[in-house]
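Asker: Single-letter residue listing:
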Amino acid sequence: MSNVLLRVEGLVKSYGTRRAVDGVSFQVLAGQTVGLLGPNGAGKSTTVSMLCGLLRPDAGQVLLDGQPVTTGAAHVKRRIGLVPQDLALYEDLSAHDNLRLFGALYGLKGKPLDERIARVLGLVNLVERARDKPATFSGGMKRRLNIAAALLHDPDLLILDEPTVGVDPQSRNAIFDTLEALQAQGRSLIYTSHYMEEVERLADHIVIVDHGKVLADDSPAALHRRLAAKALLRVELAEPVAPGLLACLRAQAGVTALAGEGTALDIGLTDNADAVPLLGWLQGQGQRPVHFATARASLEDIFLDLTGRTLRD
Amino acid sequence: MTAFLALVRKDLILYVSDKRALLMHLVLPIVIAAFFGSVFGAGGTPHGIDVALVQQDTSDAGSRIAAGLKADPNLHVTPMDLAQARDAVRKGSQAVAIVLPAGFTEAAGTAMFSNQTKPEIGLLYDPSQPAVLAMVKGMLTQQVMQVVSAEMFGGPLGKKLTAQSLQQLDENKVQDAALRDMLVAVRKFEDQPRDEGAGDGRPRGLAMPFTTHDESLTSGPVAEGYNPYAHSFSGMGVQFILFMGVNMGIGMLLARRSGVWDRLLAAPVTLTQVVLARAVSAAIIAFGLLCTIFVVAVLAFHVRVSSVPGFIGVAAGFGALTAGFGLLIAAFGKTPEAARGIAMFATLILVMLGGAWVPTFMFPAWVQQLTLVVPTRWAIAGLDAVTWRGLGALAALPSIAVLLGFALLFTAAAVWRFRREQA
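Residue numbers (the working numbering), protein chains in the order written: chain A, 1 to 313; chain B, 1 to 423.
Extracted from the complex, chain B is given alone in its bound form (with noise of 0.2 angstroms):
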């Protein structure tokens, strides 16, 4: 035991003697995870989508539609003719353009009750944001319905267009009584005097008939909302520490290479015993790393932990699994050089699949799949559950439950391997 504490206590000690390890693993993490943090969100009014508007129907009913898009507090609304408009998204400056064409509320309201040929809204976008092209489509739909269904059931558009087809019905001599009944009824509705509406003595025309509510999914402590901070610290905090377990498999690698590996085993202690005091320092660095840049995410960012219990274990799950990881990449690692380069892009992929960068819940669903099978994915699930999700402990279990299973299996197999050169 005495041998087995020293090993460990002599991996301790290098590490934090080593400022440049820990500010690799600790406040580049920080800075960056605060830096993903504030970008995704936190600590800021939502700006709004910038649309470019292209006002061609100067008619009353188009200027009311224009108003409306401008007074939507999700468009960030700027008025420019076609040209500008087409520069403006193809540079990116603006998400879409809305084009909307001379005379088409009129047209748009005849084409109402009516087979003609509907009016177009020119709608110009940026490739590289579909998603937003569909949100302003909604936006731009409630508008126009509301102004141009106004405008039918009591503006002068629509008292006109009654009055020419009650006249067509007299000069054709319909017999079509209903139509007619329904004609009069309709003119008899526009010409009454009514004060509600918009508040300019106008009708309201169709709008939505329905409101939302809409509740943030938190529980217990975190119930005041959701917090970026916390997701990208997890991320962060899991790439760079997985950048520690590889060092520490290079630094396994080196020692082979240098005598202290013969040293170390020339001593009355087995290889197992070397390998395990290598992997159980490396998840004790691990485990304080995580726990430290939690610390700053709690203190400077106002992350909360839901249950710390919760957090503890899968930290200390992330922390074996790391230990793990940097011991395959020793026991496999043919060369300290051939093996950074493998071990480097294996985290980046891990991380990128686990979910660090982007929420898995973006990736088509054959790679949420795949993402089972990914230990870091596992991690981040766990501390997103005990953070911003508020969730308890019981939430994190099978989380640190499939992270010591990886960390198992790693270690099984990196120790199977020294074992199998040494002989």
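Next up, chain A with everything else stripped away, as it sits in the complex (with noise of 0.2 angstroms):
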């Protein structure tokens, strides 16, 4: 797990005046995977492309074992397999068609081609529909053969730019089943996403970046450590809350954030067992709560910590 495979070093990418990608530096191991998140306009798909040598960066550089990325590298592109945000695939050709062209691309013929693909058709559950055309496929179904096309060369990295975009939670499920199989297979993987809880299922090590510069760069677990509210206790009081009573609150004993308003109060805990000794302390102070609820705090908070609550469009 020491040995790195990829090594991104201050990519730079403007479009215009606008700095889209602005330093951006991140390692993956082999077999390792990593989460790149950010919200949308963040950067993230910009610096896919720069990973996959589709765009050439500004400044810095994409190395893979050592070797650089560049539009024109085909031995190191021979060890990238990319799967797109949006569906890459001829609606009009059948599945079998676009995995035998897409395996084409990477000077794959004859039965090693035939073989490569009957493996990615079964382990993305389409064994079945291989003669049939994408667009008679669901959703789910075409964002499975997507990542099935990424596959057939049998890549070192996998890029998956937002692979789960439109989907239903079974098809999720089952692209996440497959995702989690390459993972003990021992490939890396390069997973963006703007939602925090794929990319905790999924990734060993998280990148977030907003705004194209880097904002955080760790583990999931160090991520956690980050965060000053371990838990979360939700209070439905049955009065709105007292004057002078969040002042007092504020103070308890393991409480490390606060909100209410009308009858509602968000407290955040060092930790879950604070909670109990801090409902007696309201009823104490002549509140009565009518309903509460813990849960345990999540990366989301800290992605929306470091990237703002502001809506993105």
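Please note that a few of the clues may not be correct.
List of simulated lysine-lysine pairs, BS3-like, C-alpha gap at most 30 angstroms [unchecked claim]:
#: 1; chain 1: B; residue 1: Lys19; chain 2: A; residue 2: Lys109
#: 2; chain 1: B; residue 1: Lys137; chain 2: B; residue 2: Lys118
#: 3; chain 1: B; residue 1: Lys19; chain 2: A; residue 2: Lys133
#: 4; chain 1: B; residue 1: Lys334; chain 2: B; residue 2: Lys19
#: 5; chain 1: B; residue 1: Lys159; chain 2: B; residue 2: Lys137
Because the hints were derived from the structure by calculation, they are not lab data.
With the hints in hand, could you dock these two chains into one complex?
Answerer: This is the structure:
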């Protein structure tokens, strides 16, 4: 796990006066899954384009096993598989013919190509639909075929650009199963998304980007440790929150964050165990909780803390 | 090479499986070319120009002018009164109306040898057909000269006018021996019994002093004559195949918008390979379409191809041009939606100036000069050369060279643009 497969060093890309990617650096170890997270417009897709050699960076470089990934680096491109964000399939070619085409682009032909096609169709559970056109597929099936097309040439590094956009929970789960099977084979993955829970499930390492810059680059456990609130307590009171209560509450042991509006209280805690004494304290103050719930704080919170809560279009 | 061939194969499979595209680019040009071919004179006898005749001169000579006009195979004469004729020309059911006024032939005969005012024939014409007016004038002149001169050199009117002239010489005691001798000689000529002429004992009058020998200048296997289907199949074939080029360019723009383009370029192939593979497949499709269209033209409409190598050369050149045109649209179009409108407009201009709808010789001189830089003009000229003109492959070489030159230019510009965008 210590050898670096992909090294990204100071990538910069501008469109006119707008700097889409501004000094992005990170690395992917062999067999590692890196989650590349960021809100819409953060620079993820531009970064992915440069990782695959689709775009030439204005500055910086991408090295795969020490070899620069450039637009013309055929031998390096052979080791990378790309699952684009949009469905990259010909709707009027059968699933088999689509795979045959994409396999041929990597120099595969004849029996070896047929064997690879059968293998990847099996991996994504589409063997029965090999002769059908993607135009007749559900959204989830198309997404799975989209992944299969990137696996034909057995790449060392698979880059998935938001591969679950627009699919139902069942299909998403099937895609995760496929990706976990690839992880089990020791393949390296870069998984971009703006859904923290997807990345939490898959990634060994998380890179959070926004406005073209890297905001965090760490393991999920390390990111969790950054959270001041490890647990959340949500309390619904019978009466509106009394004036002065919030200031007293903030001073209680274990409380790291606080928000109150109407009859609702959202309390951040250093530990889940702090919830019971706090409820007792509230009753002692004459407040009557009618409903409460506790939850473990997630990386979603750190994502929102880092990237802000303003809407991104 | 495996990747390049796979890309070409993919485009061919996608095109052949697209029934709507085949209908648009193969069936429609054949149907429309067949229609235009039949409209422009194929497979039927000419109808003749529709002419209304308002016969106000009821004299014998006037009737003979009318009969002569009716006998002319180039005219389709319908007698009418003046109001009917005006209405018919205004509505376009008659191209020209000839108004032969009362006393016309006598006045015309008198004016022939005197300074008297010449009588007028009224001509009412459809302003949309000015060329027809000139043709009718020519045929009317021939009939009038023949009848009036015959009348003057042998008819009752001529005798009467000769006698009147001699009488005036006597009464005025004019001492002009030469004039008197000529009039006496004319009277002798008029009094001679004769059996020549139109078979009715009348003199023939002034006829055209020549006839023409009309030779259609085609050669080789098409020497039997001009087949208008040849030009209409060239024109419509060129037009609809260019539409295919537009669709190809729009398809590339759509692919660039989707993830397909990224997936192709993420593979170990270069941008130039991807672009050229698309160009090769488009050129093959265009070539196949043009050949298929002309196979139908040959089998069903008896269009003759005088040089198969020449035809293949022009078709290949035009196929390459179509591919280059499509690449240009894909490279310089910002969005598929915006590019489609501009591309269709450009195609129609190319087709119109190229002579696909009407032959270029009908254009003003300056437009004809302008069309030299329009590639479609060369495509149609090349196809005309190896079909109805009956020429050999050598005659098609300039067209082939120009088409390939334009194709190279368009493709180079498109590749340059693609590479610039990638950077």
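Asker: Please go over all the hints and tell whether each is borne out by the structure.
Answerer: Okay, the hints, checked on the actual structure:
1. B/Lys19 with A/Lys109: Holds - the C-alpha atoms of A/Lys109 and B/Lys19 are around 29 angstroms apart, at most 30 angstroms.
2. B/Lys137 with B/Lys118: Between B/Lys137 and B/Lys118 the Cα gap is close to 16 angstroms, so the pair holds against 30 angstroms.
3. B/Lys19 with A/Lys133: 16 angstroms, holds
4. B/Lys334 with B/Lys19: Measuring from Cα to Cα gives roughly 28 angstroms; hence the hint holds.
5. B/Lys159 with B/Lys137: 29 angstroms, holds
Violation of the numbered hints given earlier is absent; every hint is satisfied by the structure.
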